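K.L.:
Sequence:
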Amino acid sequence: MADYIDDDNDKADPTTMNNENDVQPANFGVAVDNRVETTTTTIDEKISNDATSTKELVDFKVIYNKQKYDVSFPLDDTVATLKQHIQVLTGVPPAMQKVMFKGLAKEDKTLRELGIVSGTKLMVVGSTLNDVLAVNTPDRKSVV
Numbered sequence: 001m002a003d004y005i006d007d008d009n010d011k012a013d014p015t016t017m018n019n020e021n022d023v024q025p026a027n028f029g030v031a032v033d034n035r036v037e038t039t040t041t042t043i044d045e046k047i048s049n050d051a052t053s054t055k056e057l058v059d060f061k062v063i064y065n066k067q068k069y070d071v072s073f074p075l076d077d078t079v080a081t082l083k084q085h086i087q088v089l090t091g092v093p094p095a096m097q098k099v100m101f102k103g104l105a106k107e108d109k110t111l112r113e114l115g116i117v118s119g120t121k122l123m124v125v126g127s128t129l130n131d132v133l134a135v136n137t138p139d140r141k142s143v144v
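The sequence shown lines up with residues 1 to 144 when you count with the numbering used here.
FYI, nobody ran anything at the bench for these hints, they're computed from the structure.
It should be emphasised that the depicted structure is a prediction, and the values quoted were computed from it without experimental measurement.
A few of these clues could be false.
Claimed, not checked - Label pairs and their in silico Cβ distance ranges:
# : residue 1 : residue 2 : range
1 : Ser-72    : Val-132   : 25 to 31 Å
2 : Lys-102   : Val-135   : 27 to 33 Å
3 : Arg-140   : Lys-109   : 43 to 49 Å
4 : Lys-141   : Thr-110   : 19 to 25 Å
5 : Glu-107   : Thr-128   : 38 to 44 Å
6 : Thr-54    : Met-96    : 31 to 37 Å
7 : Gln-67    : Val-132   : 17 to 23 Å
8 : Tyr-69    : Arg-112   : 18 to 24 Å
9 : Lys-55    : Leu-133   : 15 to 21 Å
All C-beta atoms, glycine included, are put in the ideal place defined by N, C-alpha and C.
Using the sequences and the hints, build the whole thing.
P.N.:
Shown next as structure tokens:
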């Protein structure tokens, strides 16, 4: 329900309005219809966030450069999404990663489709941008 303000800046009940000039709607910068729509959007976002938090997670290990990372990830997310998470862990950009589980994992497959279960080990092969630049930058001694 919209808040109404009378001339004395006190809140008034819209059902007791005697004259439209006495009581005016509060100015929130948006129309009443937009506020209802915004509220609906907020509820929809909350529902989608709740659905996200209830996704079925699987716990597995990611092995990269002789280091093991414990990961908990939704089973229905794709390998492409997993690669973005692996970038946070390892610093290797997704385009330079190869994720292997029973062969090379395709980016459009979900973890469920790959057959990832709790305790699975995924191997990641790739190079960070700094590693690539270090290899491609010639030393002054080798150029002379």
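K.L.:
Now tell me if each hint is right for this structure.
P.N.:
Status of each hint after checking the structure:
1. Ser-72 x Val-132: 25 to 31 Å: Given range 25 to 31 Å: holds, Cβ gap about 30 Å.
2. Lys-102 x Val-135: 27 to 33 Å: This hint holds: roughly 30 Å between Cβ atoms.
3. Arg-140 x Lys-109: 43 to 49 Å: 46 Å, holds
4. Lys-141 x Thr-110: 19 to 25 Å: Given a distance of about 50 Å, which is not inside 19 to 25 Å, the answer is violated.
5. Glu-107 x Thr-128: 38 to 44 Å: Since Glu-107 and Thr-128 have Cβ atoms about 19 Å apart, the given range 38 to 44 Å is violated.
6. Thr-54 x Met-96: 31 to 37 Å: 33 Å, holds
7. Gln-67 x Val-132: 17 to 23 Å: 19 Å, holds
8. Tyr-69 x Arg-112: 18 to 24 Å: 20 Å, holds
9. Lys-55 x Leu-133: 15 to 21 Å: 37 Å, violated
Violated hints, in rising order: 4, 5, 9; the structure is consistent with all others.
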